[in-house]
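**Q** Input sequences plus hints: build the corresponding full structure.
From first to last, the protein sequence lines are chains A and B. If you read the first sequence in our numbering, its first letter stands for residue 133, the second for the next number, and so on. If you read the second sequence in our numbering, its first letter stands for residue 125, the second for the next number, and so on.
Some hints here could point you the wrong way.
[To be verified] Partial pick of chain A residues on the chain B-facing surface, computed with a CB cut under 7 Å:
1) Pro213
2) Gly215
3) Phe216
4) Gln365
5) Tyr366
6) Thr369
7) Lys371
8) Ala372
9) Lys373
10) Arg387
11) Arg464
Hints were generated in silico from the structure; no laboratory data involved. These figures come from a predicted structure and were not determined experimentally. C-beta: ideal position from N, C-alpha, C; glycine also.
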Amino acid sequence: MIRFLLRRFATMAVTLVIISALVFFIIKLPPGDFLTNQIAELRAQGESASIAKAEFLIKQYGLDRPAWEQYLVWIGVMPGPNGFSGLLQGDWGWSFEYDKPVTEVLGDALWLTLLVNLAVVIFIHLVSIPIAIYSATRQYSLGDYIATFIGYIGLATPSFLLALILLYYANRWFDVSIGGLYDAKFAGQPWTWEKVRSLLSHLVVPTLVIGLGGTAAMIRRMRANLLDELGKQYYVTAKAKGLAPRTALLKYPFRMSLNPFIADIGNLLPHLISGSVLVSLVLSLPTVGPILLSALKSQDQFLAGFILMFVAVLTVVGMLISDLLLAWLDPRIRLGGRR
Amino acid sequence: METPLLSIRQLTVDFKAETGDFRAVNGLSFDIPKGKTVALVGESGSGKSVTAHAILQILSKKAHISGGSIVFNDPQNASYDIAALGAESDAMHALRGGRIAMIFQEPMTSLSPLHTIGDQISEALLIHARVSRGEARKRTMDKLARVGFPDPKRALTTYPFELSGGLRQRAMIAMALITRPALLIADEPTTALDVTTQAQILDLIKELQAETGMSVLLITHDLGVVANIADEVVVMYRGRVTETGSREDIFRNAQHPYLQALMRAVPRFAMAPDERLTPIREIKSATLASAHAPERIEPKGPILKVENLTKSYTLRAGWFSGKMLKIRAVSDVNLSLPVGKTLGLVGESGCGKTTVSKMIMRAMHQDSGRVLFDNGLGPRDVFELQGDALTEYRRSVQFIFQDPFSSLNPRMTVYEILTEPLRIHEIGTPDERYARAKQLLDMVGLDKRSLRRYPHSFSGGQRQRLGIARALALEPRVLLCDEPVSALDVSVQAQVLNLLKDLQSALGLSYLFVSHNLAVVDYIADTIAVMCRGYIVEEAPKISLFRNPVHPYTQALLAAVPDPDIDRPLDFAKLRADRFSAPSQWPEPFRLLHGEAGVMKEIEPGHKVRLSYRAAQEAA
Chain A
133 MIRFLLRRFA TMAVTLVIIS ALVFFIIKLP PGDFLTNQIA ELRAQGESAS
183 IAKAEFLIKQ YGLDRPAWEQ YLVWIGVMPG PNGFSGLLQG DWGWSFEYDK
233 PVTEVLGDAL WLTLLVNLAV VIFIHLVSIP IAIYSATRQY SLGDYIATFI
283 GYIGLATPSF LLALILLYYA NRWFDVSIGG LYDAKFAGQP WTWEKVRSLL
333 SHLVVPTLVI GLGGTAAMIR RMRANLLDEL GKQYYVTAKA KGLAPRTALL
383 KYPFRMSLNP FIADIGNLLP HLISGSVLVS LVLSLPTVGP ILLSALKSQD
433 QFLAGFILMF VAVLTVVGML ISDLLLAWLD PRIRLGGRR
Chain B
125 METPLLSIRQ LTVDFKAETG DFRAVNGLSF DIPKGKTVAL VGESGSGKSV
175 TAHAILQILS KKAHISGGSI VFNDPQNASY DIAALGAESD AMHALRGGRI
225 AMIFQEPMTS LSPLHTIGDQ ISEALLIHAR VSRGEARKRT MDKLARVGFP
275 DPKRALTTYP FELSGGLRQR AMIAMALITR PALLIADEPT TALDVTTQAQ
325 ILDLIKELQA ETGMSVLLIT HDLGVVANIA DEVVVMYRGR VTETGSREDI
375 FRNAQHPYLQ ALMRAVPRFA MAPDERLTPI REIKSATLAS AHAPERIEPK
425 GPILKVENLT KSYTLRAGWF SGKMLKIRAV SDVNLSLPVG KTLGLVGESG
475 CGKTTVSKMI MRAMHQDSGR VLFDNGLGPR DVFELQGDAL TEYRRSVQFI
525 FQDPFSSLNP RMTVYEILTE PLRIHEIGTP DERYARAKQL LDMVGLDKRS
575 LRRYPHSFSG GQRQRLGIAR ALALEPRVLL CDEPVSALDV SVQAQVLNLL
625 KDLQSALGLS YLFVSHNLAV VDYIADTIAV MCRGYIVEEA PKISLFRNPV
675 HPYTQALLAA VPDPDIDRPL DFAKLRADRF SAPSQWPEPF RLLHGEAGVM
725 KEIEPGHKVR LSYRAAQEAA
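**A** Shown next as C-alpha cells:
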C-alpha cells in the first residue's frame with residue numbers, strides 16, 4: 133500500500149511538472165504580454181508615471197528574460213529578482229489586471245466556486261439517483277417515460293438560457309434579484325450570520341440551473357448502468373435468498389452500478405472550478421470561471437497560470453482519490469491478479 | 125402414500141413477448157416426495173428453469189403464473205399454494221431462501237463479486253432466523269467447514285473471484301443450506317464445472333441430503349448426472365411432461381420417443397468404434413454430401429507439430445504490492461497432428477490447453493519451443509512466418525470458439541459474418557462471395573434464407589454451426605476447436621459433433637479438439653493427450669487410452685465422468701480425495717517434485733506416460 137502510494141505520488145509530481153510547462157508556454161504563445169501591451173497603450177496616451185510603474189513590474193517579474201527562465205522562476209526553482217519565490221514557495225504571483233497579488237484576487241472566489249459547485253454535485257446526486265432507481269426498476273412504465281422525457285428536456289435546455297429566464301421572472305414575480313451569491317449590500321463586508329443567510333438563499337437558483345443538465349445526464353447513465361446490473365444472476369440469487377426487493381436492490385445491483393461514478397470523481401473535481409462559466413457570467417456569480425476567462429483574454433499570465441495549475445492539481449488529486457476509493461470499494465481491484 | 129413435499133398441478137407460465145404471448149410451461153404436473161431427489165430433464169428452452177423460478181416466484185417481469193397450483197407441504201409448518209401467494213408477500217419471503225433454497229449454474233456470476241462469501245452466506249441466515257451476528261458468523265463457519273472449505277475462518281473474508289469454480293459452488297451450497305430448507309432446487313449445478321469437480325459437488329449434495337433429509341429438485345440436461353443421483357425423473361419437452369418414473373424405469377425402459385432419442389444422443393464410453401450418435405434432429409445437407417477436399421499437395425508427415433512448447437505468465441500478486449508471481453501455463457508440450465485426423469486435448473480448466481491452442485494460432489508468443497506447420501512443402505516454424513507465408517498460414521488454420529453467443533458479432537448479419545474472412549483475404553468477387561456464403565450455410569445445414577438474419581435470432585446450436593461455417597470459409601486445413609460443444613445441450617451436442625465428423629471426412633480436415641469432456645473427446649478423436657498443470661501426462665491412441673489408462677490423473681478423469689448407465693455408477697468414495705491434479709501428490713513412479721518436468725516414456729506403441737526422472741532411470 134505504501135509502495136503504491138509512493139509510486140503514485142512520484143507519477144503525480146511528474147505529471148504536474150509537465151502540465152505546468154504546457155500551461156505556461158501556451159499562455160505565452162501569443163506575442164507580447166499584459167505589460168508590454170499596456171505600456172504601448174499608455175505610451176500612446178503619454179502617461180509616463182504609469183509607464184514607469186509598468187516597467188518596474190517588468191523588471192520585478194523578470195518579463196524581460198527568456199520564456200524558459202520566466203517559467204523556472206514562476207514555479208520557483210530558479211532565483212528571480214527577489215530570490216526563490218514561486219509556486220513551490222507558496223507565492224502565487226501578481227495579477228497585473230487587478231493590480232493585486234493573485235491570492236487577493238482569488239480569495240473568496242475560489243472557495244465560493246467550490247461551494248456553488250459542491251452544492252450542484254450534491255443536488256445532482258440527490259435528485260438523480262432516486263429517479264434513476266425508480267425508472268430502472270420500472271422500465272417502460274409511465275413513470276419511466278415521464279422521467280425520461282423530463283430528462284431529455286433538461287439535457288436540451290441551455291443552462292444560461294434557463295438562468296436568464298429565471299433571472300427575469302424572479303425579479304418580476306417575487307421582486308428578488310437572484311444575481312450574485314449574496315445581497316449587494318454585503319459586498320466587501322465581513323462574514324456575518326446575515327450574510328451567510330443571504331448566501332444560502334442565493335445559492336438555490338444557481339444550483340438548480342447548473343445542476344439541471346447534469347441531473348438529466350446522470351439519470352440516463354445511472355438508469356442504463358442499473359438496468360445492466362438488474363439482469364445479472366447474482367441479483368436473482370439475492371432474491372432467491374428471500375431478501376426483500378428494496379434491500380436486495382440496494383445491496384447488490386445498486387452498489388455495483390456505482391463504480392463508474394466513483395471512477396468519475398477524478399473528472400468531477402476540476403469541473404468544480406472550470407465548469408459553469410456561462411451561467412456564472414449571466415448570474416454574475418463571483419466565481420473563478422469568469423475571472424479565468426478574462427485573465428486568459430488579457431494575458432494576465434500569473435493569474436491564468438495559477439488557476440489552470442490549481443485545476444490540474446485538483447484533477448490529479450481527484451484521480452488519486454477515485455482510484456483509492458475504487459480499490460476500497462471494489463475487492464476485484466484491490467485483490468486483482470492474486471490467485 | 126405419504127403426502128409429497130411439493131406437488132405441482134397443471135402449472136402454466138406465460139411470457140409476454142413482442143411477438144405475442146408465449147407459453148413456457150404448459151399444464152405441468154409432478155410431485156417431489158420428502159427426502160428424495162427428483163431430476164427435471166430436458167433440452168434448453170423446455171421450461172425447466174422457468175418451472176424452478178415459478179416455484180420460488182422469482183420469474184422475470186415478462187413472465188407470470190397463469191394457472192395451476194404449486195402446493196408446498198412444509199413439514200414444519202402449514203401447507204401453502206405458492207401459485208396463489210403474492211411474489212412479494214411476507215409468506216413468500218419466508219419460504220424463499222428459508223424453506224426452499226436454490227443454487228444456480230454459474231457460481232461466478234451467481235455470487236456478488238463485491239461482497240465476501242461470509243457476508244453473503246450469513247445474510248441468508250440473518251433474514252430467516254433470529255440470530256445475532258456473532259451466532260450467524262459461527263454457523264456460517266460451521267457450514268463452510270461442512271461443505272469442504274479447508275480454512276473456513278479465512279473463507280469468511282474471501283471474495284468469490286478468489287476461489288476456484290468448485291469452491292464457489294460449495295459456497296453457494298452453504299448459502300442455500302444454512303437455513304436448513306426442506307427443498308433445494310439445483311439448476312444445472314455442475315454444468316459449468318470440470319468433471320472431477322462435478323463428481324465432488326454431486327457427492328456433496330447427496331451427503332448433505334442424507335444428513336438433513338431435504339428433498340432436491342435437480343434440473344439438468346445431463347443424463348449421466350441423472351443416472352447417478354436422481355431417485356425419480358421427470359422429462360420435460362416444450363413445457364410439458366413427456367415421461368415420469370423412477371430412475372430404474374426411465375433408464376431401463378424409456379417409453380417416450382423423446383426420451384429414447386435423448387438417450388441415443390449422449391456419447392458413452394461403451395460405444396462401438398463406428399457407432400454414430402443419433403441427434404434428435406439430424407442435419408441434412410446436400411452440399412455436404414457432394415463436398416470434397418480442395419485439390420492441394422498434402423504433407424507427408426503430420427500437418428501440425430508442437431515441439432517443446434513452453435509458456436509462463438507473470439502475475440502481479442496484488443494491486444498494491446510489487447510482487448510478481450510466475451506461473452507456468454504450458455511446460456514442454458509435444459503434440460503431433462496427422463493429416464485428416466483428430467487430436468483430442470483433455471484436461472481441467474486452467475491446465476493450459478487453451479494457451480496451447482492460442483500459441484498454435486500465433487495469437488500469443490511462446491517462451492520457447494516450436495510449432496511446425498506443413499503445407500505440403502515441408503514443415504516450417506509458425507513463429508517465424510512472415511508476410512505472405514503468414515497470411516497463408518492464417519488461412520489454413522481456423523478457430524472454433526467455445527461460446528457461440530459472444531463469438532459472433534451481434535451487429536453483423538449472417539452474410540457479413542460468413543463473407544468477412546473472404547473480404548479480409550480479398551478472395552472472390554461479391555457475387556462469388558455471396559454464392560460461397562450460401563454454400564457454407566447449406567454445408568452446416570442452415571437455411572439459405574438465413575443470410576439476412578442477425579445472430580441473436582438463432583439458437584445456441586445454430587450459432588455454433590454459424591461459427592463452424594465461418595471457420596470453413598477460407599477452406600482451411602486445420603481447425604482448432606476449443607470446447608466447441610461444452611456450452612450446448614446433449615441433443616445439439618450430438619448434432620454438432622456429427623457435423624464436425626462429416627466435415628472432416630468430406631473436406632479432409634485435421635482437428636485439434638480441446639475439451640474437458642472425455643466422453644466427447646472419445647467420440648471424436650483418434651489420439652488423445654491428457655493435460656494437467658501445463659504438462660501432457662499421458663498420450664495414446666483412443667482405444668489404448670480408454671482400455672488401459674495408466675496415469676493416476678487420467679484414471680481420475682475417467683472415473684469422474686458420469687455415465688448415463690445406471691449399471692456404471694460413479695465411485696464417489698474414490699473421487700473424494702482431491703489429489704489427482706497435484707503432481708507432487710501422485711503416487712510413484714508418477715510423482716513430480718516441485719519444478720520437476722519428468723520424462724515421457726512409451727509403454728506400448730503410441731502410448732506415452734509422464735514419469736519422474738528417478739523412476740524413468742530406474743526402469744532403464
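**Q** Now, for every hint given, state plainly whether the structure supports it.
**A** To see whether the hints hold, each was checked on the structure:
1. Interface hint status for Pro213(A): violated, as the beta-carbon distance to the closest one in chain B is roughly 45 Å, over 7 Å.
2. Interface hint status for Gly215(A): violated, as the beta-carbon distance to the closest one in chain B is roughly 41 Å, over 7 Å.
3. With its C-beta approaching chain B no nearer than about 36 Å, Phe216(A) sits outside the 7 Å limit, and its interface hint is violated.
4. Below 7 Å, beta-carbon pairs count as interface contacts, and Gln365(A) has one with chain B at about 4 Å; its hint therefore holds.
5. Evaluation of the Tyr366(A) hint against chain B yields a held restraint, the C-beta minimum of about 5 Å falling below 7 Å.
6. Hint status for Thr369(A) relative to chain B: holds, with the closest Cβ pair at about 5 Å, below 7 Å.
7. Nearest Cβ of chain B to the Cβ of Lys371(A): about 5 Å, under the 7 Å cut. The hint holds.
8. A hinted interface residue such as Ala372(A) counts as satisfied when its beta carbon comes closer than 7 Å to some beta carbon of chain B; here the least separation is about 5 Å, so the hint holds.
9. Interface hint status for Lys373(A): upheld, as the beta-carbon distance to the closest one in chain B is roughly 4 Å, under 7 Å.
10. With its C-beta approaching chain B no nearer than about 6 Å, Arg387(A) sits inside the 7 Å limit, and its interface hint holds.
11. With 7 Å as the threshold, the beta carbon of Arg464(A) comes within range of chain B, its nearest partner Cβ sitting at about 5 Å, so the hint holds.
The structure fails to meet hints 1, 2, 3 from the earlier list, while all remaining hints are met.
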